[in-house]
Amino acid sequence: MRRDLLTSLLAVVVLTAALGLAYPLAITAVAQVVFPGAADGSKVSFDGRVVGSELIGQEFVGRAYFHPRPSATGYSADVTFFGNAGPNSAELRDSIEEDIAAYLELERRYDPSLTRARVPVDAVTESASGVDPHISEANARIQAHRVAAVRGLSLARVEELIADHTDSRSLGVLGEPGVNVLRLNVALEEEVPRR
Amino acid sequence: MTQGWLQIAVFLAVLLALVKPVGLYMARVFSDQRVFLTPVVAPVERLAYRALRVRPEQGQDWKAYARSLVVFSLVSWLALYLILRTQGAHPLNPQGFGSGPWDLSFNTASSFVTNTNWQYYGGETTLSYFSQMAGLTVQNFVSAAVGIAVVVVLIRGIAARSASELGNFWRDLVRTLLYVLVPAAALAALFLVSQGVIQNLDHSQAIQTLGGGQQVLAQGPVASQEAIKELGTNGGGFFNVNSAYPFENPSGLTNFVEMLLILVIPAALTYTYGRMVGSQRQGWAIFAAMSVLFVAGVAVVYLAEQHGSPAQHAAGLHTAAFDGSTGGNMVGKEQRFGIASTSLWTAVTTVTSCGAVNAAFESLTGIGGAVPFVNLGLGEVAFGGVGAGLYSMLLYVLLAVFIGGLMVGRTPEFLGKKIGAREIKLVSLGVLFTPLTVLLSAGIAAAAPAAKQSIYAGVNPSGLSETLYAYLSQANNNGSAWAGYTGFVQPNPPGNASAHGLTFTDLLGGVVLVGARFAPILFVLAVAGALAGKKVSPAGLGTMRTDNPTFVLLLIGVVILVGALTFFPAILLGPVSNGLSARLF
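Residue numbers (the numbering used here), protein chains in the order written: chain A, 1 to 195; chain B, 1 to 585.
Please keep in mind that the hints were generated in silico from the structure rather than gathered at the bench.
Built from N, CA and C at the ideal position, the CB exists for glycine as well.
Check the hints yourself; a few may be wrong.
Said to hold, decoys possible - Simulated coverage check for chain B against chain A, where a stretch passes if three residues somewhere in it have a Cβ under 8 angstroms from a Cβ of chain A:
id	stretch
1	189-197
2	382-388
Said to hold, decoys possible - Derived DEER-like restraints, expressed as beta-carbon distance ranges:
id	chain 1	residue 1	chain 2	residue 2	range
3	B	S498	A	R108	41 to 47 angstroms
4	A	R63	B	D202	33 to 39 angstroms
5	A	E97	B	V459	22 to 28 angstroms
6	B	Y49	A	V30	25 to 31 angstroms
7	B	P493	A	L25	28 to 34 angstroms
Chain A on its own, in the form it takes in the complex:
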């Protein structure tokens, strides 16, 4: 028993030093040298300053921008939690109803052919992380009408930009394609600065 206790104490000290300090610090050192951009959060710059991370969604409200998915956390990137709306929640029904109505009201003005049946699910449902950086391609194509009109660009040009900033399935198979909202909006700003 005493033997086990002594060995355990030694083991905990040694393992804490090796696995709790040496291992993560070594990984940090290598990562900082080999993948500095990624290790620090894949930051995106515009106009000489960091405006966010391409992996972390952020809020966009103006009509000149593509809008991200709804967020339960106000797009917080330092206090994260799930919305936890249950599948049979009346509150969830109400919030989706409101989101559909708002989406249709905003986008129909620029795309009169838009119907309720074409509202993509991602546009009116809160993501898991609260900072989903992507929207679906269908969602982006609908918003393209508005952004093109507000920015005075051709629809074709905006759709081209969407394609440029779509992350396709990894290796062509894994996951789902998504349009990176921040990168797309940065590209728009570079093309036609918002006044």
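Keeping the supplied structure of chain A fixed, place chain B upon it in accordance with the hints.
Relative to chain A, chain B alone:
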């Protein structure tokens, strides 16, 4: 949905391809044979034995082994508890987080020493980098190694011929870490960084967003923890929203790799087992039974989630997929994973003890959400936690052999060893301990006013699901959650960042975590000891085979029977009620 099924098929194919090479490698490691890493690792290994002052060749019987394991876990628990309680005094704490309260730290220490990683604490909102690294990451490694050591002992017990010594705990611990977990985790961590998982020690960074708003980007040593969190089937996220957060899991590819990391050791251990007992078919039979249970779960979640939820339909949302949109229940899911990858992940993390989540479980549809309940209810045996999955499944194998023996009226025999009353008593205790703990603790929590304050969804099936799942998850050492159940008085402080949660849920959970981890481990080690001492008699004509399809079916039947009889009513009242009704609450 073709594309989704393709993703699932690709995953299964890659997993299957890894089973043999990884299983073989581990069999050599646990039999003290030479592997390709030996030239590099052997000197470190010798150094480790010298530092711990142990003689690795000294054999231990099951009691001595159990004593080392329990004392080591106890000391680990104390170390982690102390780290959490004195967090304010440590370095690597750029945000200046204070020390943890006693009750929450009790739960967290219990959670990580037991390979569970249940999270009442807030990740990025309350823990320093030092605590995440020197506290949680260490236990992610060590608790995984302990689980693997236990299954290796059971395998040795099954394979032994009239022996009493089952190996040396310290040697198994060191070799598992040095030859398996550390090299694999280091490689995986660097790969994850290359894909966008962050790894730094910076203060969180406030930025002005493109749209003119404010956003604070949390930073930290995430990748080093993420890798072992998956590989060791631990599951405790650096961030509160775990692997849904892009800094933990940025793409379809990382999602895929993380799922592989979770399943590779539990799946490959079946091959290790076959190798070490001298009959590869025995290993494949167990692999087959596990695969059936796993694939069935994946299919149900995927179909249910693609269908969408009653709340979505009541809101007039069309949930069919069309060009450019996944359709389905995207509430609490990420666009880059969509429905298929999220469904696969949900099954992967609940058939194992890896409670990592890449979506909000509480927002799953009723039927989709029933799958995690069933997977945990069956005791996470397909493929299960590292080590824990296979040793739990081997208990079921012995139970199936016993039941099969009764059916044909012969003394039950397993690999030439007669299974006697003592073994079956120990097996039954090992199989039933966790389910009984779940029912008892969930019952207490559903009735106790102090615990009811933790429920987010209210008095309805979702509220019951939260409570039941909290104790299912803690007792099965899973760690995923119907995350409305936070251990705090509702409405919950964002990020669980206020000083005190509910002492009652912290303590009840902590006791459940520790009890349901170590009691079954002791039963398993005792079974190993009992089996090791037995003589092996040659198989005769009447010997029931344990490596053919009939036995695989019998095994699946026994697993389902035990799980279903225990949990059927409770699961009906929770997720299944949601799934069968379009009623909104």
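Hint by hint, which ones does the structure fall short of? 2
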